[in-house]
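Trainee: Here are the chains, one letter per residue:
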Amino acid sequence: MFRKLVSDIFIILALTTNFTFVFYPNSVTVFITFFINLFATIFKLGETKYLSTKILATSFVADLHLLPAIFLFFLGQKDFAVALAIGALVTNIISVLLVIIETIIELFEE
Amino acid sequence: MKLKKNKKIRKIKNNLIFQYYEDFFEVLGEFRLPLFLLVSVLFIGTFGYMMLSRGDFINSFYMTIITVATIGFGEILQNSDSKVGRIFTSFLSIGGIGFYTTSLTVLVRAILKRDILYLIKYINMLESIQKLKNHIIIISFNDITSKIIDSLRSNNIDFVLLEERKELEEKIIKNYSIRYYIIGDIFSKEVISASNILAAKGAVIALDDSIKRTAVLVSLRLIRPNKEDFFIYVLANNDEEAEKYKNLGANAAIIPSKIIASRLSSYIFHQTYSFVSELLDKISYGEEKEIDIIEINVDNNSVLVNKRIDQLTIRKKFNSTIIAIVRNEDLIVSIKPDMEILPGDRLIIFGKTKNLKDIQNTLKDNQTQLILN
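Taken in sequence, the protein lines are chains A and B. Numbered per this note's numbering, the first sequence spans residues 1 to 110. Numbered per this note's numbering, the second sequence spans residues 111 to 483.
Hints may be right or wrong, so weigh each one.
[Said to hold, decoys possible] With beta-carbon atoms standing in for the labels, derived distance ranges:
| hint | chain 1 | residue 1 | chain 2 | residue 2 | range |
| --- | --- | --- | --- | --- | --- |
| 1 | B | Ile176 | A | Phe23 | 31 to 37 Å |
| 2 | A | Phe60 | B | Phe297 | 38 to 44 Å |
| 3 | B | Val194 | A | Ile104 | 47 to 53 Å |
| 4 | B | Gly294 | A | Gly76 | 54 to 60 Å |
| 5 | B | Arg196 | A | Phe60 | 34 to 40 Å |
| 6 | A | Leu67 | B | Lys257 | 34 to 40 Å |
| 7 | B | Asn234 | A | Val90 | 30 to 36 Å |
| 8 | A | Lys4 | B | Thr215 | 28 to 34 Å |
| 9 | B | Asp260 | A | Leu67 | 50 to 56 Å |
| 10 | B | Asn189 | A | Asn26 | 29 to 35 Å |
| 11 | A | Ile104 | B | Asp339 | 22 to 28 Å |
[To be verified] Here are the simulated DSSO-like cross-link-like pairs (lysine-lysine), alpha carbons at most 27 Å apart as the crow flies:
| hint | chain 1 | residue 1 | chain 2 | residue 2 |
| --- | --- | --- | --- | --- |
| 12 | B | Lys426 | B | Lys356 |
| 13 | A | Lys54 | B | Lys223 |
| 14 | A | Lys54 | B | Lys474 |
[Unchecked claim] Facing chain A, according to a computed beta carbon distance under 8 Å, are these residues of chain B, among others:
| hint | residue |
| --- | --- |
| 15 | Phe135 |
| 16 | Leu138 |
| 17 | Gly139 |
| 18 | Phe141 |
| 19 | Phe146 |
| 20 | Phe167 |
| 21 | Gly208 |
Don't read these hints as lab results, they were simulated from the structure. Predicted model, so just to flag it, every value in this text is computed and none were measured. We put the beta carbon where it would ideally sit given N, CA and C, even for glycine.
Take the sequences, apply the hints, and build the full model.
Mentor: Listed below in structure tokens is the structure:
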């Protein structure tokens with residue numbers, strides 16, 4: 001239960017920080033966004049529920065967007081970094097939707 | 111609560127592959143702690159140095175890595191040589207080096223562990239079994255089935271081996287390089303359906319234990335009730351058991367000792383003309399490939415009806431011989447040229463396999479001019 005809580009918190013945090021960065025790109029937001037997304041992926045590892053693989057995949061895609069984004073940002077290419085972060089934002093929205101669907105499925109099961 | 115949920119999933123997807131998927135993701139879960147520690151160390155180190163240097167991410171990241179990986183190129187970052195910077199570096203080294211090296215070791219070991227590669231291979235195999243069609247299911251690995259496997263292989267027929275003894279797995283993979291096998295509880299629905307029984311042609315049950323044989327036979331027959339669609343051959347210890355298996359739905363029950371005995375005695379009794387018994391043996395067991403004996407059923411619509419033997423081209427054109435005719439369950443062995451073929455007869459023809467195939471095809475297509483003079 002606790003693990004589920006932590007992993008849900010990080011999935012939603014990944015989305016919200018990503019949003020913050022896209023609208024207010026600076027060195028702190030990009031840094032926080034990148035690491036929160038990494039943690040969100042790590043917490044999803046090892047789950048064997050219905051949509052876990054899909055959530056893991058979307059969250060991994062977000063990481064792949066943000067990894068070049070953070071380096072590009074600090075190398076001065078801010079526009080490019082924001083563009084990549086918008087891509088990550090899309091996948092983060094999908095993964096939050098998947099978490100909601102998973103919760104609904106579980107509710108119906110019980 | 112978690113266990114309960116997993117069981118529920120298994121119930122819905124009553125499927126062996128899914129269980130192995132689950133195992134695979136559980137193994138992936140082993141990466142969680144080392145990855146978490148590794149990323150945490152990088153996060154804390156980089157964040158600290160970024161505070162010191164007012165947001166220089168790339169150098170802070172680099173400084174963290176050279177510190178925790180004990181490379182130690184020096185205090186390359188702005189303000190890292192200040193007192194606060196040195197306090198931070200000290201504490202980062204104390205905590206970070208341990209975490210960093212331990213988690214890297216655990217990660218590399220988990221990746222190199224046989225488990226993950228094995229699971230990926232096994233899942234791939236189970237998936238390709240689901241694509242098989244008209245394959246044979248062989249139950250249990252022993253001397254007899256290893257010979258069956260050899261002959262199936264030489265005829266390019268796919269097969270799936272089910273085996274319950276886990277310790278045999280290595281032997282099966284290494285010595286016999288069997289492509290499709292499932293190790294598990296052979297009575298369970300999961301294992302049986304993982305062998306793709308719905309698309310299979312038949313099964314051979316060669317278990318040593320007679321109770322197990324019965325149980326497997328019954329469970330297979332329950333899934334595939336039609337004897338003509340799906341054959342099942344079972345080994346039996348004696349006549350009584352063989353009869354029982356036939357009643358339970360086996361197409362045939364084979365008593366190995368009886369077959370060996372009759373083959374041996376045929377050699378003893380036919381000593382002077384052992385060539386014939388050897389040839390007949392080889393033909394009946396499918397070991398002889400060049401020469402064969404076939405049966406042709408003459409039905410009412412056949413072109414052969416009411417034709418005399420000397421009207422046929424079987425000897426001239428196909429270089430084969432009618433050696434006998436089965437008529438009303440009698441075997442007529444003296445075939446005369448003026449004999450007439452009646453509907454319901456069964457012609458027994460001896461010749462080269464290639465020619466016999468040609469005869470069968472000609473009759474199938476009703477090519478009257480080819481078969482008649």
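Trainee: Which constraints among the numbered hints does this structure fail? Numbers only, ascending.
Mentor: 6, 10, 11, 12, 14, 21
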